[in-house]
Amino acid sequence: MRTLLFLLIALFSMTSASAESLITSLSNHRVLINSNYTGTSIAVFGAIERDAQTVARATGYDVVVTVRGPNQFLVVREKEKLGPIWINQEQQKFPLAPAYLSVLTSRPITEITSIQLRQRQKIGLRAIINAPDFTNTRGGADKDFRDALYRIKAQEGLYLEDERGATFLTPDIFRASIPLPATAPPGDYNVEVTLFADTVILAKTLTHFELVKTGFEEQVGFVARDWSLSYGLATALIAIFFGWLANVIFRRD
Amino acid sequence: MQIYLPIAEMPVSVLLILGMGAAVGFISGLFGIGGGFLMTPLLIFLGIPPAVAVATQSAQIVASSTTSVLGALRRNALDHKLGAILVAGGFVGSALGVWFFAAARRAGQLDLVIVVSYVTLFTVVGSLMLKESIREFWTKRKGGTVRLRRHAGEHAPYLGLPLRMRFYRSKLYISVIPVLGLSLFVGFAGALLGIGGGFIVVPALLYVFRVPTTVVVGTSQFQIVCTTLVALILHAVTNQAVDMVLAILLIIGGVFGAQFGARMGRHLRAELFRFLLAILLLAVGLRFALELVLQPEDPFSITVQEVRQ
Numbered sequence: 725m726r727t728l729l730f731l732l733i734a735l736f737s738m739t740s741a742s743a744e745s746l747i748t749s750l751s752n753h754r755v756l757i758n759s760n761y762t763g764t765s766i767a768v769f770g771a772i773e774r775d776a777q778t779v780a781r782a783t784g785y786d787v788v789v790t791v792r793g794p795n796q797f798l799v800v801r802e803k804e805k806l807g808p809i810w811i812n813q814e815q816q817k818f819p820l821a822p823a824y825l826s827v828l829t830s831r832p833i834t835e836i837t838s839i840q841l842r843q844r845q846k847i848g849l850r851a852i853i854n855a856p857d858f859t860n861t862r863g864g865a866d867k868d869f870r871d872a873l874y875r876i877k878a879q880e881g882l883y884l885e886d887e888r889g890a891t892f893l894t895p896d897i898f899r900a901s902i903p904l905p906a907t908a909p910p911g912d913y914n915v916e917v918t919l920f921a922d923t924v925i926l927a928k929t930l931t932h933f934e935l936v937k938t939g940f941e942e943q944v945g946f947v948a949r950d951w952s953l954s955y956g957l958a959t960a961l962i963a964i965f966f967g968w969l970a971n972v973i974f975r976r977d
Numbered sequence: 255m256q257i258y259l260p261i262a263e264m265p266v267s268v269l270l271i272l273g274m275g276a277a278v279g280f281i282s283g284l285f286g287i288g289g290g291f292l293m294t295p296l297l298i299f300l301g302i303p304p305a306v307a308v309a310t311q312s313a314q315i316v317a318s319s320t321t322s323v324l325g326a327l328r329r330n331a332l333d334h335k336l337g338a339i340l341v342a343g344g345f346v347g348s349a350l351g352v353w354f355f356a357a358a359r360r361a362g363q364l365d366l367v368i369v370v371s372y373v374t375l376f377t378v379v380g381s382l383m384l385k386e387s388i389r390e391f392w393t394k395r396k397g398g399t400v401r402l403r404r405h406a407g408e409h410a411p412y413l414g415l416p417l418r419m420r421f422y423r424s425k426l427y428i429s430v431i432p433v434l435g436l437s438l439f440v441g442f443a444g445a446l447l448g449i450g451g452g453f454i455v456v457p458a459l460l461y462v463f464r465v466p467t468t469v470v471v472g473t474s475q476f477q478i479v480c481t482t483l484v485a486l487i488l489h490a491v492t493n494q495a496v497d498m499v500l501a502i503l504l505i506i507g508g509v510f511g512a513q514f515g516a517r518m519g520r521h522l523r524a525e526l527f528r529f530l531l532a533i534l535l536l537a538v539g540l541r542f543a544l545e546l547v548l549q550p551e552d553p554f555s556i557t558v559q560e561v562r563q
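The listed protein sequences correspond, in order, to chains A and B. Here the first sequence is numbered in my numbering, starting from 725 and rising by one per residue. Here the second sequence is numbered in my numbering, starting from 255 and rising by one per residue.
Derived by calculation from the structure, the hints in this document are not laboratory data. We treat Cβ as the ideally placed atom computed from N, Cα and C, and that holds for glycine. Any given hint might turn out to be false.
Stretch-level coverage of chain B by chain A, calculated; a stretch enters the list once three of its residues show a Cβ under 8 angstroms from a Cβ in chain A [what the hints assert, rightly or not]: (1) 263-269; (2) 304-316; (3) 484-491; (4) 509-515.
Pulled out of the complex, with its shape left as it was, chain A reads as follows (with noise of 0.2 angstroms):
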């Protein structure tokens, strides 16, 4: 009860703070993964709430819209000369990266704020991927291991910052599409929407949605897991068939 009150005096406080807030809306909770998906992409929508004592603000609003997909533990490795051949050298640890992680924003981020709120409050992909955070910093030396991070991903198509995601369709009201590359994992993801006027952030607000395998790729993964053994054994059990098969189809000589 009284965490509940509390609550209720920070979100007051808050919004009277600000006297904006921010209502968002995804097209899509829950996304199924069936035997012919390719990918898809969800719809953010949002609308900005305005009460009568508002200051009416000279700019407009923008808005970030940050996805970060399911974490992993990667290792980004250095190939490295040793006489004559290259081998694996140097390596840099990211207990926590996110699988997928995609950054829309209504205008070029640099325009929307300054580098010390970006960094602080982590807005924009290049700040996401440098904060001390994210990885160890060894000294400078972790620099080329985060950059190589982001090229390897974008290329990808799983890291991606658009300046033109989003987009506002009345000065109160705008959308963004988030593309869903096939290759991204499936998993809870999360969507954080940011609202920016003149550099300041006014509001935030962080919903999710699910990416899960359906129906047939569903069962093969639980099989896959739960019933290793038997899976094993029955993988094994369609090749032999397959092997006598074509060896009963092709039998001519």
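Based on these hints, arrange chain B on the given structure of chain A.
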């Protein structure tokens, strides 16, 4: 046409996978080898996670080798006794290989161990075979007879060690010790590199033991079926990395390819057969050597650490 793979968690093109299965199956049927050393890098190149690629292609090897073994049985081109000894020694070798695999991973240089082993094995076996087959071509051109057929009482000293055994089908009367040694080594290398080891068994049976070419393929395929079956089930239980959908696609492509390969293999002259196999092994060895020596396009790479519970 795309299909989503439930364990690899990504979509692939059905036709591409069928085609790859057929191509590798063809080579596998032609030479009596598993073809895992070709399929695994191809699958990884498509973006399939390495653990899933290694585990799943073993299902395809089981299927295509089953077909070959059944065919060999019908043509009586399989030496059961020799095959059984190869399998028994292979299991012991596999256990040692799995242990060494874990040790190399703890040391942090598993990738290097694997690539260096590939390069050494393939170039050594490949160049030995190439040398041998060039000599064969040469003697033939000069009008000499190819002396791959054994003469009475002529054999290397290690074949005359104690514990001699008669292998009727292979027309051999040799000690079991070198055969067991070979199978131990093949099992060890197979477990370490995730391959069936057919490319070691085939040349060894041909050149070291002088087993007739027709029997070599059937016997080697028999050994491959047994070891790969065990590997497939172990992969499914320990890593849960076998993708059934991918396996079925590879199998369908593979069994057809293997049939045509095996048929063509029977019409191939023995010297040409050995020459082509030597070239194939050398090419794969060279490819891995280049990977070690050439400057990589991007020196950085990302690996997903295994999920630890």
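(request) Just pull the numbers of the violated hints for me, sorted ascending. (result) No numbers; nothing is violated.
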